[in-house]
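**Q** Residue numbers (this note's numbering): 14 to 229.
Since the hints were made in silico from the structure, they are not lab data.
Some hints here could point you the wrong way.
Straight-line alpha carbon distances no greater than 20 angstroms define the calculated SDA-like cross-link-like pairs of lysine to any residue that follow [to be verified]:
| # | residue 1 | residue 2 |
| --- | --- | --- |
| 1 | K89 | P30 |
| 2 | K89 | K44 |
| 3 | K198 | R228 |
| 4 | K163 | K89 |
| 5 | K198 | E124 |
| 6 | K198 | N96 |
| 7 | K89 | F148 |
| 8 | K163 | Q219 |
| 9 | K198 | D55 |
| 10 | K198 | R139 |
| 11 | K89 | D55 |
| 12 | K47 | A27 |
| 13 | K89 | R139 |
| 14 | K163 | Q184 |
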Amino acid sequence: PVNGFQFLSEAYNATDPDFDGRVTVPVLWDKRTKRIVSNSDDHLLRMLNSEFSDFASNDYDFYPPDLRQEIEATNKVVYERVNNGVYRAGFATRQRPYEFATRQLFETLDELDARLAGRRNLLGERMTEADWRLFPTLIRFDAVYCGHFKCNLRRIVDYGNLWPYLRDLYQHDGVAETVDFEHIKRHYYMTHEQINPTRIVPIGPQLDLNAPHGRG
Numbered sequence: 014p015v016n017g018f019q020f021l022s023e024a025y026n027a028t029d030p031d032f033d034g035r036v037t038v039p040v041l042w043d044k045r046t047k048r049i050v051s052n053s054d055d056h057l058l059r060m061l062n063s064e065f066s067d068f069a070s071n072d073y074d075f076y077p078p079d080l081r082q083e084i085e086a087t088n089k090v091v092y093e094r095v096n097n098g099v100y101r102a103g104f105a106t107r108q109r110p111y112e113f114a115t116r117q118l119f120e121t122l123d124e125l126d127a128r129l130a131g132r133r134n135l136l137g138e139r140m141t142e143a144d145w146r147l148f149p150t151l152i153r154f155d156a157v158y159c160g161h162f163k164c165n166l167r168r169i170v171d172y173g174n175l176w177p178y179l180r181d182l183y184q185h186d187g188v189a190e191t192v193d194f195e196h197i198k199r200h201y202y203m204t205h206e207q208i209n210p211t212r213i214v215p216i217g218p219q220l221d222l223n224a225p226h227g228r229g
């Protein structure tokens, strides 16, 4: 734990003793100044992409100038219909809003699957921020969103392109180490009592994310 913190709220209170807002992730903590630098995912993505280049051991640029307009357009669709779409479906309390969000989600997944038929990544051969914004939803989808949020028209493993694409991203250097399915499942299934009052955590699914993806 950073500075001995057991709860993220302690980092917020260390930054601002009068803080009484909502504790959210992600957070970038500065160990020197002992305060939170940012808790904005948009800001952090861009900061981590460019501000530490002098210390990086690679030359990755996930927000290249020539693709920024396409990245922004793709991000907008992915956020509204996929990243946020699973939550609109999962937390719906009426049938029609649930069905609308779910159908819109799968229409978009179908479109993304078709797009990936002729290219390795969402915007071509280069991996960009748009791919990494989609990744968290895809990696959790079959383990959580399909069952817990009732987004069950299809699984990611049922898609001919999205499934190998997800494995391709997962097998990128350093990514697998950030994925802990037990933590992911326990978080969702044990904290949403209105959806899962028993707090029973499923033992599956079994996903072979290390299988060859064939997209290189």
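**Q** Next step is simple, just say for each hint if it's right about the structure.
**A** Results of checking the hints against the structure:
no.: 1; hint: K89 to P30; result: violated (35 angstroms)
no.: 2; hint: K89 to K44; result: violated (33 angstroms)
no.: 3; hint: K198 to R228; result: violated (28 angstroms)
no.: 4; hint: K163 to K89; result: violated (23 angstroms)
no.: 5; hint: K198 to E124; result: violated (27 angstroms)
no.: 6; hint: K198 to N96; result: holds (17 angstroms)
no.: 7; hint: K89 to F148; result: holds (15 angstroms)
no.: 8; hint: K163 to Q219; result: holds (19 angstroms)
no.: 9; hint: K198 to D55; result: violated (25 angstroms)
no.: 10; hint: K198 to R139; result: violated (31 angstroms)
no.: 11; hint: K89 to D55; result: holds (12 angstroms)
no.: 12; hint: K47 to A27; result: holds (8 angstroms)
no.: 13; hint: K89 to R139; result: holds (19 angstroms)
no.: 14; hint: K163 to Q184; result: violated (28 angstroms)
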